[in-house]
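Q: If you read the protein sequences in the order shown, they are chains A and B.
Under this note's numbering, the residues of the first sequence are numbered 1 to 248, in order.
Under this note's numbering, the residues of the second sequence are numbered 249 to 587, in order.
Note that these hints are calculated values from the structure, not bench results.
Any given hint could be a false lead.
[Claimed, not checked] Restricting the straight-line Cα-Cα distance to at most 16 angstroms, the calculated cross-link-like pairs of lysine to aspartate or glutamate (EDC-like) are:
1) A:Lys63 with A:Glu28
2) B:Lys433 with A:Glu121
3) A:Lys7 with A:Glu66
4) A:Lys71 with B:Asp447
5) A:Lys7 with A:Glu30
6) B:Lys433 with A:Glu66
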Amino acid sequence: MNILETKRLYHDFNRLEVLFDVNLKVKEGERHAIIGPNGAGKTTLFNVITGTYEPSRGAVFFKGEEVTGSKPHHMVRLGMGRSFQITSTFSRLTAFQNIRMGVLSARGIRFNLFRKVDKMEDITKETDEILERINLYGERDVPASALSYGKHRSLEISMALATNPDVVMLDEPTAGMSKDETRYAIELIRRLTEGKTAVIIEHDMDVVFSLADRITVLHLGEILASGPPDQIRENQAVKNAYLGETEG
Amino acid sequence: MMNRTIKGIVWGVMLLVLVLYPWLFGIYYTNVFVIFAIFALYAISYNLLLGFTGLFSFGHAMFFGAGAYATALALTHIEGCPLLVALLFGFLGSVCLALLLAPIVARLAHSAFAMLHLAFSMLMYTLALKLRGITGGEDGIGGFPIPPFRIPGVVSVDMTDPLNFYYFAIAVLGGSLWIAWFLTKTPFGQIIVSVRDNDKRVDYMGFKVPQTKTVIYALSCGFAGVAGSMYAMFQNLISAAALGIGNSFAPIVMTMVGGVTSFFGPIWGAAIFAIIEELTSRYTERVLLVNGLVLIIVVLFFPGGFMHLVGIIKGKWLGFIRAQWFAKRSRKKATEDDS
Numbered sequence: 001m002n003i004l005e006t007k008r009l010y011h012d013f014n015r016l017e018v019l020f021d022v023n024l025k026v027k028e029g030e031r032h033a034i035i036g037p038n039g040a041g042k043t044t045l046f047n048v049i050t051g052t053y054e055p056s057r058g059a060v061f062f063k064g065e066e067v068t069g070s071k072p073h074h075m076v077r078l079g080m081g082r083s084f085q086i087t088s089t090f091s092r093l094t095a096f097q098n099i100r101m102g103v104l105s106a107r108g109i110r111f112n113l114f115r116k117v118d119k120m121e122d123i124t125k126e127t128d129e130i131l132e133r134i135n136l137y138g139e140r141d142v143p144a145s146a147l148s149y150g151k152h153r154s155l156e157i158s159m160a161l162a163t164n165p166d167v168v169m170l171d172e173p174t175a176g177m178s179k180d181e182t183r184y185a186i187e188l189i190r191r192l193t194e195g196k197t198a199v200i201i202e203h204d205m206d207v208v209f210s211l212a213d214r215i216t217v218l219h220l221g222e223i224l225a226s227g228p229p230d231q232i233r234e235n236q237a238v239k240n241a242y243l244g245e246t247e248g
Numbered sequence: 249m250m251n252r253t254i255k256g257i258v259w260g261v262m263l264l265v266l267v268l269y270p271w272l273f274g275i276y277y278t279n280v281f282v283i284f285a286i287f288a289l290y291a292i293s294y295n296l297l298l299g300f301t302g303l304f305s306f307g308h309a310m311f312f313g314a315g316a317y318a319t320a321l322a323l324t325h326i327e328g329c330p331l332l333v334a335l336l337f338g339f340l341g342s343v344c345l346a347l348l349l350a351p352i353v354a355r356l357a358h359s360a361f362a363m364l365h366l367a368f369s370m371l372m373y374t375l376a377l378k379l380r381g382i383t384g385g386e387d388g389i390g391g392f393p394i395p396p397f398r399i400p401g402v403v404s405v406d407m408t409d410p411l412n413f414y415y416f417a418i419a420v421l422g423g424s425l426w427i428a429w430f431l432t433k434t435p436f437g438q439i440i441v442s443v444r445d446n447d448k449r450v451d452y453m454g455f456k457v458p459q460t461k462t463v464i465y466a467l468s469c470g471f472a473g474v475a476g477s478m479y480a481m482f483q484n485l486i487s488a489a490a491l492g493i494g495n496s497f498a499p500i501v502m503t504m505v506g507g508v509t510s511f512f513g514p515i516w517g518a519a520i521f522a523i524i525e526e527l528t529s530r531y532t533e534r535v536l537l538v539n540g541l542v543l544i545i546v547v548l549f550f551p552g553g554f555m556h557l558v559g560i561i562k563g564k565w566l567g568f569i570r571a572q573w574f575a576k577r578s579r580k581k582a583t584e585d586d587s
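For reference, chain B alone in the conformation it holds in the complex (with noise of 0.2 angstroms):
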């Protein structure tokens, strides 16, 4: 019960910061905020493969990119259309891509995934390149209209205002995070997890092993999907650099980082390298040699991740108030005996 009013406090807490997070940090660093939940939710679909169905893939940017596409594409072409509809475009993109694919991954795990996956995904980077007439090539997509957020009737908000924009981006954002979180608690939750430490068991256990890599793979990229969207909308540019190479490794990174056993995990890796980028980008350009840095100190020596780590030092910490309190009690009871 105590527990639950904490947690109530917690959540509060957190929601009125998000809140004045605009009015507290500045239009800056709400950008920079944004662009950050965009990376967690990319971070976090991404880690319902590794993490919780045990697939490595080294091509998750194309699905981010998929969705960005689809929403330029949807709001450049269609006259009119509504940012929730531009939205959706963008995560069913990246849903139908990962069901086209998906009769030929979902079979598979291991390197052969990861590397079809890099494969498929550098098809896509090159055909974002040439297919100019479609995706503009290089330069992308850039200048398409941002439509409001409107309900007939009722409220019309303008998504050029960059204010307006982040609530709706933490809307959607930690609404896509809830709904991911949401699934992992599901008894689909359980059978993706058993098939990450087991597959084969599971199969005898009574479930469709393809099968549940399909829905958990889909699902995964339809987030992805709405990161994409997202982002597209947010810098009202998309171009190939989104579906390279570097973008598929960012979750990879991202996901290492934060701590790969953990829910949460990815959201602190995205966090870690926002303030790394904000940090180091005031000294050097050279972002990327800190970035790799980091990798590395943290595969040598905190394998599990930020998480990992912090569960250490909880450990540690309430070990050592729980020795406090032992070591108190036992003195006290001390002293009672001698009298």
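Looking at chain A on its own, in the form it has when it is part of the complex (with noise of 0.2 angstroms):
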């Protein structure tokens, strides 16, 4: 079953198209890989998908439910998570508050004005226990503003994950990650998103071939291809369009 699926998607940026008939499909359960080259409209397409934008033709559905335009809050709500390519942390608050927010959210926690939320022992447990397996268990109460960028990186995906949902959207997990941090953090999301569906936009071709259980290729605004890796590493079309350019 398709858990998130758009159909014959469009996007104009004041009339410049950017999303062309883009019908995707996420099964449930995978890693599912969007690559392209620059400027190819993945980040449209997550913020279309997401509730930043309204498309300006086509739908969206998840869960078998039409949620063309929802706002972010409600496709949290219905269960997408989303980290974003530039980190969006909250800068004053720390690693423990920031994913607390999560934690809150995941329990539909919003409006209590009758109890103090340090003293909710069990969302404290839940959120020390997500910082423990972020390994951000020692930078508990460090402002997320001051944490080395490897880590802040980690902050901003795990918080997309600390709302507990059914598909987490993650647009370029590793942006401006040395190696290092790039395998570190692979792995962690490889354990974090166990049993999940994941969407994810990766430049690494490394990463995105270990990783990924089926493939979309955006090239200009277009599906170029859709499929298991094997397939599109063999594709000649994709090959011309993206895979020729980095590889020479």
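Join these two chains into a complex; the hints should help.
A: Structure representation (structure tokens):
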């Protein structure tokens, strides 16, 4: 079953077509990578799916329901988490508080004005568990803005996962990381998305081919090919448009 | 555990000082203290927006004024209006005004939010001047009866006695401060500081941003209304000046000087300005000149405000003590090693 699907999706910025007839199909439980050269429309596709923009035409289906144009908070409540290419945490809040926002959201605690959040022990426990799992427990009380780049990125990714989504959309999770940090982050993603559906935008081909179950190649706003890694590797159109450039 | 005991003692002493204050300092300074407490709550209510939610407003006075006028009008026109009902009118008057504006302002932030509030508060100021039949224009509303604090069959306390009013004011303002403080500690308090840091991400964490802003906005304005209501009852007079631009900037300046990042900062700001006013007015009428100089000095040299300064001093002092202790210990260790 396709947990996430877009049908004939178009999007334009002031008539500049960025997405052109995109039919993306993501199966439940798979890690689905979206690759494509710069300007292919990968992040725009994410923005349209997660509710940043309303598409100019076409429809988005999530868990069998049409969700076209739903606001981000609505998508999160339906079970879709998202992380950003440009780190977007709560800078003055500690790592702990950042993750806790996700935990609170997952439990539907929003307008509670009658209990101290620090006294909610189950919330604290769950948040601490997440911090340990992502190896940030040592930086529990450090403000997000004071974390090292790699750790800050880990926090960014984990915030999306803390809302306990069924589908997690990761926009270039390894952006700007060193080789070592990337390897570590990939292991982290592999571990944290176990049993979940993940849609990942990624540039590093080694990462893509080792992590993804299926790959969709986007080029100039169109889907060029979609399939398992081996099939994509052999696809001539993909080679010409994309892999050819990077592998010379 | 130790910390808790010390905290308990500190709070106990503070409470005792508050209770004994009129006897310690006399009735004149008691009245000065009531005004300070009113402005402390007003500044705190403002900081719920600025420091906690990141919303900068140039028109908070209209909520102070709405509370004050609502209470004054209730006491003037409703025969035998009880004290607490008049206070409730003040609170609800401001909350209603806030909820009226919320659909427009809750989707805004930054300068648009600030300037729109300036515009609305100027509108309110003009209305208060022009609608003479209701507001009394420049003269305002005054001389309304201040009802006693009465629990039927139990107690009836005369509120025209400044001493009794002092205790009433301390209870109301202290209670409001506690509620506001508690608010910042709840899950909702976490969401508002997240809105301050990154409202876009709050949306992506599954929370509704405009609704969150509306709730904190209404509550903040409600507290400003309580401050205004107490002000009206204390002065037994409210005029359009309370809605003026000067009164909109008072909490901004107090918050800046006291410290925007801390909950208690604005209280210190209010205290600093109360003291400055008390001291300078003995020598000159140009209190604003001194206020302005203080603001300039703070902005230039301690942008974090008074609380930040305290933090630095505390850090240095603690660091000094710790260094002494370590030095002592290593010396002791050295002599032990020698023997």
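Q: Next, verify each hint and record whether it holds.
A: Hints, verified against the model:
For the given pair, Lys63 (chain A) sits about 9 angstroms from Glu28 (chain A) by alpha-carbon distance, which is consistent with the 16 angstroms threshold. Note on Lys433 (chain B) and Glu121 (chain A): the hinted pairing holds, with a Cα-Cα distance of about 14 angstroms set against a maximum of 16 angstroms. The straight-line distance between the Cα atoms of Lys7 (chain A) and Glu66 (chain A) is roughly 10 angstroms, inside the 16 angstroms bound, and the hint therefore holds. The hinted pair formed by Lys71 (chain A) and Asp447 (chain B) meets the criterion: a straight-line CA distance of about 14 angstroms does not exceed 16 angstroms.
Between the alpha carbons of Lys7 (chain A) and Glu30 (chain A) the distance comes to roughly 19 angstroms, so the proposed pair goes past 16 angstroms and is violated. Simply put, Lys433 (chain B) and Glu66 (chain A) have alpha-carbon atoms about 38 angstroms apart, too far for the 16 angstroms limit, and the pair is violated.
Checked against the numbered hints given earlier, this structure breaks hints 5, 6; the rest are met.
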